[in-house]
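*Asks:* So you can see what is in the structure, the chains are spelled out below.
There are 4 protein chains.
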Amino acid sequence: MLNDNYSVKNILNDNNSKIKTKITKIEQDKLITRGHCQKNLIENLSYIEMIYLILKGEVPSKKIAKILNYILVSFCDHGVTPPSTQAARLIASSGSPINVALSGALLSFGKNHAGAIEKSMELLQNIVIEYDLNDSISDENIEKIAINIVNEFLENKIKIPGYGHRYHKKDPRAEKLMEIAIKEDFVGIHTKLALAIEKVLIDEKNIRINVDGANSGILLDLGFSSKEGIGFFIIGRLPGLIAHTNEEMMDESCFRKFLTLDDIDYQGKTDSHLNF
Amino acid sequence: MLNDNYSVKNILNDNNSKIKTKITKIEQDKLITRGHCQKNLIENLSYIEMIYLILKGEVPSKKIAKILNYILVSFCDHGVTPPSTQAARLIASSGSPINVALSGALLSFGKNHAGAIEKSMELLQNIVIEYDLNDSISDENIEKIAINIVNEFLENKIKIPGYGHRYHKKDPRAEKLMEIAIKEDFVGIHTKLALAIEKVLIDEKNIRINVDGANSGILLDLGFSSKEGIGFFIIGRLPGLIAHTNEEMMDESCFRKFLTLDDIDYQGKTDSHLNF
Amino acid sequence: MLNDNYSVKNILNDNNSKIKTKITKIEQDKLITRGHCQKNLIENLSYIEMIYLILKGEVPSKKIAKILNYILVSFCDHGVTPPSTQAARLIASSGSPINVALSGALLSFGKNHAGAIEKSMELLQNIVIEYDLNDSISDENIEKIAINIVNEFLENKIKIPGYGHRYHKKDPRAEKLMEIAIKEDFVGIHTKLALAIEKVLIDEKNIRINVDGANSGILLDLGFSSKEGIGFFIIGRLPGLIAHTNEEMMDESCFRKFLTLDDIDYQGKTDSHLNF
Amino acid sequence: MLNDNYSVKNILNDNNSKIKTKITKIEQDKLITRGHCQKNLIENLSYIEMIYLILKGEVPSKKIAKILNYILVSFCDHGVTPPSTQAARLIASSGSPINVALSGALLSFGKNHAGAIEKSMELLQNIVIEYDLNDSISDENIEKIAINIVNEFLENKIKIPGYGHRYHKKDPRAEKLMEIAIKEDFVGIHTKLALAIEKVLIDEKNIRINVDGANSGILLDLGFSSKEGIGFFIIGRLPGLIAHTNEEMMDESCFRKFLTLDDIDYQGKTDSHLNF
Chain A
1 MLNDNYSVKN ILNDNNSKIK TKITKIEQDK LITRGHCQKN LIENLSYIEM IYLILKGEVP
61 SKKIAKILNY ILVSFCDHGV TPPSTQAARL IASSGSPINV ALSGALLSFG KNHAGAIEKS
121 MELLQNIVIE YDLNDSISDE NIEKIAINIV NEFLENKIKI PGYGHRYHKK DPRAEKLMEI
181 AIKEDFVGIH TKLALAIEKV LIDEKNIRIN VDGANSGILL DLGFSSKEGI GFFIIGRLPG
241 LIAHTNEEMM DESCFRKFLT LDDIDYQGKT DSHLNF
Chain Y
1 MLNDNYSVKN ILNDNNSKIK TKITKIEQDK LITRGHCQKN LIENLSYIEM IYLILKGEVP
61 SKKIAKILNY ILVSFCDHGV TPPSTQAARL IASSGSPINV ALSGALLSFG KNHAGAIEKS
121 MELLQNIVIE YDLNDSISDE NIEKIAINIV NEFLENKIKI PGYGHRYHKK DPRAEKLMEI
181 AIKEDFVGIH TKLALAIEKV LIDEKNIRIN VDGANSGILL DLGFSSKEGI GFFIIGRLPG
241 LIAHTNEEMM DESCFRKFLT LDDIDYQGKT DSHLNF
Chain E
1 MLNDNYSVKN ILNDNNSKIK TKITKIEQDK LITRGHCQKN LIENLSYIEM IYLILKGEVP
61 SKKIAKILNY ILVSFCDHGV TPPSTQAARL IASSGSPINV ALSGALLSFG KNHAGAIEKS
121 MELLQNIVIE YDLNDSISDE NIEKIAINIV NEFLENKIKI PGYGHRYHKK DPRAEKLMEI
181 AIKEDFVGIH TKLALAIEKV LIDEKNIRIN VDGANSGILL DLGFSSKEGI GFFIIGRLPG
241 LIAHTNEEMM DESCFRKFLT LDDIDYQGKT DSHLNF
Chain G
1 MLNDNYSVKN ILNDNNSKIK TKITKIEQDK LITRGHCQKN LIENLSYIEM IYLILKGEVP
61 SKKIAKILNY ILVSFCDHGV TPPSTQAARL IASSGSPINV ALSGALLSFG KNHAGAIEKS
121 MELLQNIVIE YDLNDSISDE NIEKIAINIV NEFLENKIKI PGYGHRYHKK DPRAEKLMEI
181 AIKEDFVGIH TKLALAIEKV LIDEKNIRIN VDGANSGILL DLGFSSKEGI GFFIIGRLPG
241 LIAHTNEEMM DESCFRKFLT LDDIDYQGKT DSHLNF
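Chains as they are written, first to last, in my numbering: chain A, 1 to 276; chain Y, 1 to 276; chain E, 1 to 276; chain G, 1 to 276.
Treat the hints with caution; some may be incorrect.
With a Cα cut of at most 27 Å, we get these calculated DSSO-like pairs of lysine-lysine [claimed, not checked]:
{"no.": "1", "chain 1": "A", "residue 1": "K119", "chain 2": "G", "residue 2": "K119"}
{"no.": "2", "chain 1": "G", "residue 1": "K18", "chain 2": "G", "residue 2": "K30"}
{"no.": "3", "chain 1": "E", "residue 1": "K269", "chain 2": "Y", "residue 2": "K66"}
{"no.": "4", "chain 1": "A", "residue 1": "K257", "chain 2": "E", "residue 2": "K257"}
{"no.": "5", "chain 1": "A", "residue 1": "K159", "chain 2": "A", "residue 2": "K169"}
{"no.": "6", "chain 1": "A", "residue 1": "K144", "chain 2": "A", "residue 2": "K183"}
Computed footprint of chain Y on chain E; a stretch qualifies when at least three of its residues, placed anywhere within it, have a C-beta under 8 Å from a C-beta of chain Y [to be verified]:
{"no.": "7", "region": "28 to 40"}
{"no.": "8", "region": "253 to 267"}
Rather than coming from a laboratory, the hints here were simulated on the basis of the structure. Remember, it's a predicted structure, so these values are computed and weren't measured experimentally. All C-beta atoms in this analysis are idealised placements derived from N, C-alpha and C, irrespective of residue type, glycine included.
The task is simple: from the sequences and hints, build the whole structure.
*Replies:* Structure follows, in structure tokens:
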């Protein structure tokens, strides 16, 4: 008896027989998401508002929804250059279905690729906390802090996350996002800091903020944590990955060679004719 | 010489040394997606318009963007019941990062889960082509066709894709989508057919259209093919999967037991004490 | 009360409260796999015997284990040419951990890549069933059947699965496997058929059996179904994929460019300066 | 001209036009892996020797091959309890093919699951380096070090990686592996340390070494690094995952419910009937 109860109590969870969730309540013929009937959500919410609601638990203001829209569009596509796009195409070419190709793309969002936004957000977040910064900081003071940070990185010869791009000198997406943040009067302390760091980096190394850096400032000012940044990258990039997978499936031959024997430089041992 | 040229010609592609794409042109400091500078897209497009643009190559009308918004919101979440959500949580609990957990969710979008929308779209598409249907068909004639189709499935005891739901008798999302399609005057031949089939199925088996069936009609009327349906499902569901992964990571203990030994019924051989 | 019981009864399964399995019995401090205490298995089984035991439920004969060993070694590696190897390297380069890179490789085992062995096994299996073939067939008769099959494919201009290789005229692995099968006196009806088809194909098109075709015959003669073939491919290829992932992680720079802008041929629209 | 050369030079790599590898040389009709013709490997190597060769670049001694065999068999299966097995079954049930289900299993090998062996190997490796330990250490001295280590962990209330198991008090696999290591006279400094830590932990907390801890010692003594440990886990576990995926596909109904509505405890907001 005790055993049975124990068993039930632990069936899907150490502490409780039930799977706990705060996101969606499923009843027969009724779906409540974050406190709202899905019928109402379908009729009344923009998809951007839906994204914010399901992640944060509340419907965003029109201003926040507008800012979030800029962010998502800015992540839309970088052609066939990223490993994620290439992975999706390789997998599609091998004959796997589209959800599998997209899944492979997501696996390529490692710490050097989409994961970069997390590192960038962490940096800004940590500086703001460490120096106890807020909106009232003077331009002069934030510049001093930026100089300290940049010099620390440069002295240690470490790349500052969120700055520089392997294909661009001036990432056009970052430039536009920063321009909009100013125009929309949406420059919080994190964006202010991101811009201050850029200013110093331009002076010292002619390196500019990239799309990750720009969105890091804005996402932090919107109240998202560094752990949440990559989610927006994935949402924003997904439709582009679908477009590339479709293109591979429709316009290219199956199982095409992505390289030939002449592209390979074998640097290992040659045949040793060993006797086993 | 011939060999070398051949090698170059085939370096990333059977027919051409270059990777071909029509989606995004990457130049230093300039990104052109589907013919538009990304700077302009960031400033001017809603994320829904961006999705349509990148997939179809053109900016949608306001009406189409509105319809697409309904579709994407309707896919937002079905709680912890789908295998995709469970896979994401299991993987997150094992200590893998969020992009990896989401990737696992996408792997669960097999032909019995998200793949269902493809089958549902194929069915409607095939009937429309086979019977050469168009918008001018009379209610009487489409009902006759629907009766034929339904009876064929019922006689063969095959589930009609897009109808019935394992947790709902009346899928609230489908109901709302069909109501909106009528209100918005967006009932093309595929939606008309989907509704006609539902009418017959309700009479004969009290089975109703589900969210996949409703969106199948609308997506086909929007001009998307059956192969493209699952892409919208994935876009629409992704933010919900992020929310579940975040919830697992933040609210649950690491590597929790999703089942206990008492939940397992071992039906194999018992120890045979074989001598090897 | 009724509800609670119902809940327990259905907790992980429609029909039964328990997860059913015949593979391994888990008790505290005791693991029984396919009827054998794991302690005994660790001490007494070769890894090849273990693979067979867990898949088929019984310890193989020494002969079968030997044959299975040839198969697994033959799948070991094809360098950086397959999409699976490239996907693993791309994902590793993006900063994802090794299990994630390997997972991406497995996603590339679509129907055009590792899936080819399933198609090849199905073909041989279907011919054997359709023509009711067995070991006693004369060389003359099996040649007639092979001619029929080959001509049918050639007339329809369809590639015969298991024959031809995009990098080899004479796949050395297939050649060795067929030589061993003959030497070991392990040529059942499926291998006999595979060799008969090869003979005709060499005469007509100078195309030879490949590693998938050779292993298809042997695996079918071992009693495995077409659905099981890909499993052996994956087991055999996995260590090679680990070696490539390690090589990428240790010998190459992080997030290296797998292509440059000059390698891309943009064929889409140029900037349209649309007014939104 | 310069441009073309540049393009070719950079096609798959920043610094070099060629993909570099030391693993397998692919020529038409010839495959050289780690310096050996694959034809020879197929005929002469056991699969265990093949695994070692492809990972380390040389054929192992008979003794090493024997030890590696124990390790791989010990990882064979832990029934349906691990998240990896559950993920594979969920994905298979959704209608995805077997390579995709296995891929999902690998995604579940996060730092709390298969990743545990890396942490365990790191711990032993670091202690050996920090204290400059070697085989000649006395039992008394290694016990002192073990006491220090254990106490440090216990004081900080951190679980020692490689010890304790959520389903077992005495992991039978670890017990057998340690028994074999002693019998085979294969107890190097890392295994010696692992056993010394276990002795202290049994005395203080009645916690014993688990399969990860035991294999960590042996793999380190074999000369593998902590980064390489997870690869052996994955190789060893893969056949068991294939068996589970096959079982799910053949013995269970498609898209079965892994939980029912009664198993879910919704803790979020109830319908707020908000006006939008």
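*Asks:* Taking the hints in turn, state whether each one holds.
*Replies:* A quick look at each hint next to the structure:
| no. | hint | result |
| --- | --- | --- |
| 1 | A/K119 x G/K119 | holds (23 Å) |
| 2 | G/K18 x G/K30 | holds (20 Å) |
| 3 | E/K269 x Y/K66 | holds (26 Å) |
| 4 | A/K257 x E/K257 | holds (18 Å) |
| 5 | A/K159 x A/K169 | holds (15 Å) |
| 6 | A/K144 x A/K183 | holds (25 Å) |
| 7 | 28 to 40 | holds (count 7) |
| 8 | 253 to 267 | holds (count 7) |
Checked against the numbered hints above, the structure breaks none of them.
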